[in-house]
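Novice: Residues per chain, in single letters:
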Amino acid sequence: MISAFFIFNQKGEVLISRLYRTDFKRSIADVFRIQVVSNSEVRSPIITLGSTSFFHVRVNNLYVVAVTKTNANAALVFEFCYRFINICKSYFGKIDEESIKNNFVLIYELIDEINDFGYPQNSEIDTLKSYITTESVVSAIAAEESSKITAQATGATNWRRGDVKYKKNEAFVDVIELVNLSMSAKGTVLRADVDGHIQMRAYLSGTPECKFGLNDKLVIDKSEKGISDAVELDDCQFHQCVRLTDFDVDRSISFVPPDGEFELMKYRSTSNIKLPLRIIPTVTEIGTTKVSYDITVKTNFNAKLSATNVVLRIPTPLNTVNVDCQAASGKAKYVPAENVVVWKIPRLQGGQECTLSGMAELTSTTTRQVWTRPPIDVDFQVLMFTASGLIVRFLKVYEKSSYNSIKWVRYLTKASGTYQIRF
Amino acid sequence: MSVRGPRKGENYELSVDLNSEYRDKRKDAIKRTIASMTVGKDVSGLFPDVLKNMQTDDLEQKKLVYLYLMNYAKTQPELVILAVNTFVKDTDDPNPLVRALAIRTMGILRAEKIIDYLCDPLQKCLRDENPYVRKTAALCVAKLYDLKPELVIENGFLEQLHEMIGDSNPMVVANTVAALSDIHASATTASTSDQDPAVFVISAGTLSKLLVALNECSEWGRVAILSALARYEAQDDKESEHICERVVPQFQHANGSVVLAAVKVIMIHMRGVRREELVKQLVRKMAPPLVTLLSSPPEVQWVALRNVNLLLQKRPDILQNEMRVFFCKYNDPLYVKVEKLDIMVRLAGENNVDALLSELKEYASEVDVDFVRKSIKAIGQTAVKIDGAAERCVNVLLDLIATRVSYVVQEAVVVMKDIFRKYPSTYEGIIPTLCSNLDELDEPEAKASLIWIIGEYASKIDNADELLGIFVDTFTEESYPVQLQTLTAVVKLFLKKPDSSQGIVQKVLNTATKECDSPDVRDRAYIYWRLLSTDPGAAKSVILTPRPLISVPRTTVSAGLLEQLLGEIGSLASAYHKPSETFVGRGRVGVDKVKSVGAEADERSSAQKALQTVAAGQQSENLLDFDDAPATDGQPSGLAATQFSQTPAAASILSGTSSNPLDDLVSIFGAQSTPQQAPSAAGPAFGNLGGLDFGMSPSPAGVTSPSVGVMSPAAPQAQNQQNQQDDLLGLF
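Here the protein sequences come in this chain order: A and B. Sequential numbering from 1 applies to the first sequence in this note's numbering. Sequential numbering from 1 applies to the second sequence in this note's numbering.
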């Protein structure tokens, strides 16, 4: 299990060090610094030196490191590191050297709470926030209050307190889809799939029992025949509040939600993906000194909707001097540091299309290394659109006091770094 | 009291502040002390001052003081005793958080003096009405066992833990299981007797309690419980089925480690399931969650990919139609890309080979040299694996050679040689293209490959003697693998075209026997020389004999080891594809131990194997009587090994194939060790070298990476292809 936990900065200085077990000395941190931080050759996330294994995750120039001497559960260790990162983000808004340094006392408190003797413990952010707080003075919480907290931290529904009360009972559901696309130079789709997340913000009193329904093909085929817009989900994964056995039996999603924001489920869909944007690139190398670009973006959704924050990153050869480009809408600029032309289109209405044409000038080089042509990367957001076609059909809330609740559903399809078109 | 520092400096200021009359100032001073401690400054001198601040209502301050104590208790054992009172008092505090905190901290202090005071409060906390305290106390037993096992046994804590498995609170159950497993692990490594009370045997009664708790506890608790379930030995197939059915819903958990732990349990208990359709159903349900793991962060993805690789070796049908999800993204880290490549080749079949090839061709034009090389290797593997696609693969390789990027060409040449090994005399048309790139080659492997091709097809290449002459002229400057290949190729040339190459063969034999420092090269030269001078006919049948065709191995680890690793899915061992004994434990593992692991794992199969080899050896001896054939083959088998070790992209495949025949040798002669290559993604380079020349001298089949130093048990599996080689090697 995890014997020690460290956070290093870019230079390899120790920001946080916590030994959970005694099979290491503090000096093990130096070993990591020498072997990993200052060794550019290292490319594997796990390094084993002798019988000591270092698991590291890099985030914003920090190294989050877990060390073990046993045949530890590698998946668990990495999941734990990422959970820690998420907790920090939730507590401090970001995770970087500055926020770690400013909050080290709190971090020590946290890492002692979420891990005991190398075994991860309760790491539900909501629960943690109820008794590990950023306000510095927590003058001895009343014993009664603590009992409630501990009951929540260990209870069968350790994600929820029993005494939540709201005037207005509301639940917000956000369906967020991340589209992965790789398209070949010939325009055939090599891979298109959707990683979906359903975020929920529940502000509901008492201990509500929720039932959640999607247009999941497997459910709909069984109950109502004839509805054609059902979506085939390849895989679903749920927050721990969802009763997995119920899902296994009849694919119903029932749960007692945590109070506040949480990720209800993740899903994956690969069939019938509607690609919101279509990119048609024509890039030709004219001799050895020029490359001409002609890039068209077409929208592929209802005219009432629009794509926002569209950013195309169009790679240019390494020896580019300057790119002269004209875009019909939005702004295009050559960024020499990254060897890309960044084309930003703030808003693109459904049915619209726009084109960028440009010419890159190259310096002559002695090497005859061919240009590797990295793919064009597209980022965008489309509100009220799901690439998979997923729709929330119902969200039912049952509670003893049978109050009325208001539910809101939002859909968002986006891409960031995953929508790639080769040319 | 300890010696106080000088009355100035940082520590002195801290000490003043720690004794301040103002609460805020004291607390601030504690924080600064902890900050100094973190960056590695020695603040142990402040021990008594910090200790004074322990008695407080402020929970945060208490935690800070405890944190300090944990760090320095060991260095100041005589002072820790002062803290005991507060600890014991805290375990009676009305606030459960304080009680838990006290018991948690006492367990880690690791000072003999504290330990004696720990037992009574621990006893009390194990029975605490608050589950939060109980779950903390459960782990504290494991801490105590780590420090002083006899105390745990004397006080009956183990019995108490066993009772707590039935606790009403699932979190308590999970931590109890974690504690018992922890104790079990340290007890089994320390002693060998089964009678040790610390051994955690999971009974049928425990099983049902665990299955109940599984659905209710936190994600980490689920992993602990699933790991315990993995150790349970089912009584009959009904029970195995029951366990599988109860564990399957966990595939839908959002936490990747829970999913992998569930896969592990299913893989273990599926062995006991007899109903075919249930097995099919389980395998079908396993696929989607495994694919989903690919959208996790890269590190988790990597662990998942390594495990998927293992699973595919056992059940190649799991992800049959999912190859596209393994296509590399441009911005994937290299270690992820390399694993994806390996899996893509595993999943390749007639139906998806076109998509795969165009993808691999795309990768071959990327920037990262390592990745490009591995992609080209993957093309070669695909060609060897799928007969129908070989021609398409060759065309892709020709396209790549046309780019004239040095490392691409070299790798393509190496790969082409493998294709010739699999499909002899099929693609001779491209030999001129390969030869025209002769000047480009500067890596030994590429050179050796091209020389081998020239030698093999010497009769069809008009200027073979000229081409080989280039290498003969620089013979002594070349690396040994190139020398060996040059030697063999020239002799082949001589046997095929005796008239035109008399001079060159004389020259190379002369140089090799007189000026070369490698015994391998020298010995081989002598063998050829004597063969040629005594009986050219025999030489012909020895040197020009057809070699067995190569194939891509289905598994990279032995069958026994594979089963063992599948039982440890998600762990470090399964990520490395190495048994855990090789990288944990006290320093280096004894070779005997490593061997015994392999032997235990598939004792029967290796016994059988040995018998086979002996039988085969006898056969070969018979052959020896009427023909020189075995010696014939003995020589190419050195070659064969060269080819093999160069073929597969991934490090694991390398070791798997090339070391197998040797392993057999080792087991027959009772030799001691078979070091294998490094497990890291950067490893393959090491593996290559080792495999190259073992045919001639039974040197270790791999080079141990200096940083990792991993040993591996050698338990080879039966494969037709290997069998042939084993037979030959049996002679040595």
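Errors might be hidden in some of the hints.
In silico lysine-lysine, BS3-like type, Cα no more than 30 Å apart, as pairs [stated by the list, open to error]:
#1 B:K285 - A:K217
#2 A:K89 - B:K31
#3 B:K52 - B:K41
#4 A:K211 - B:K52
#5 A:K290 - B:K329
#6 A:K211 - B:K89
#7 A:K266 - B:K31
#8 A:K129 - B:K238
Worth flagging that the hints you see were computed from the coordinates, not collected in a lab.
Novice: Does the alpha-carbon distance linking K285 of chain B and K217 of chain A stay inside the 30 Å limit?
Specialist: Roughly 17 Å between the alpha carbons, so the hint for K285 of chain B and K217 of chain A holds.
Novice: Please verify whether K266 of chain A and K31 of chain B have alpha carbons no more than 30 Å apart.
Specialist: Measuring from Cα to Cα gives roughly 40 Å; hence the hint is violated.
Novice: Are K211 of chain A and K89 of chain B close enough, with their CA atoms no more than 30 Å apart?
Specialist: Distance of about 47 Å is beyond 30 Å: violated.
Novice: Regarding the pair K89 of chain A and K31 of chain B, is the alpha-carbon distance no greater than 30 Å?
Specialist: holds (22 Å)
Novice: Do the alpha carbons of K129 of chain A and K238 of chain B lie within 30 Å of each other, as the hint requires?
Specialist: violated (45 Å)
Novice: Within 30 Å, alpha carbon to alpha carbon, are K211 of chain A and K52 of chain B?
Specialist: Violated, at roughly 54 Å.
Novice: Between K52 of chain B and K41 of chain B, does the CA-CA distance stay at or below 30 Å?
Specialist: holds (21 Å)
Novice: Check the hint pairing K290 of chain A with K329 of chain B against an upper bound of 30 Å on the C-alpha distance.
Specialist: Distance ~28 Å between K290 of chain A and K329 of chain B Cα, so the pair holds.
Going through the hint list in order, the structure does not satisfy hints 4, 6, 7 and 8.
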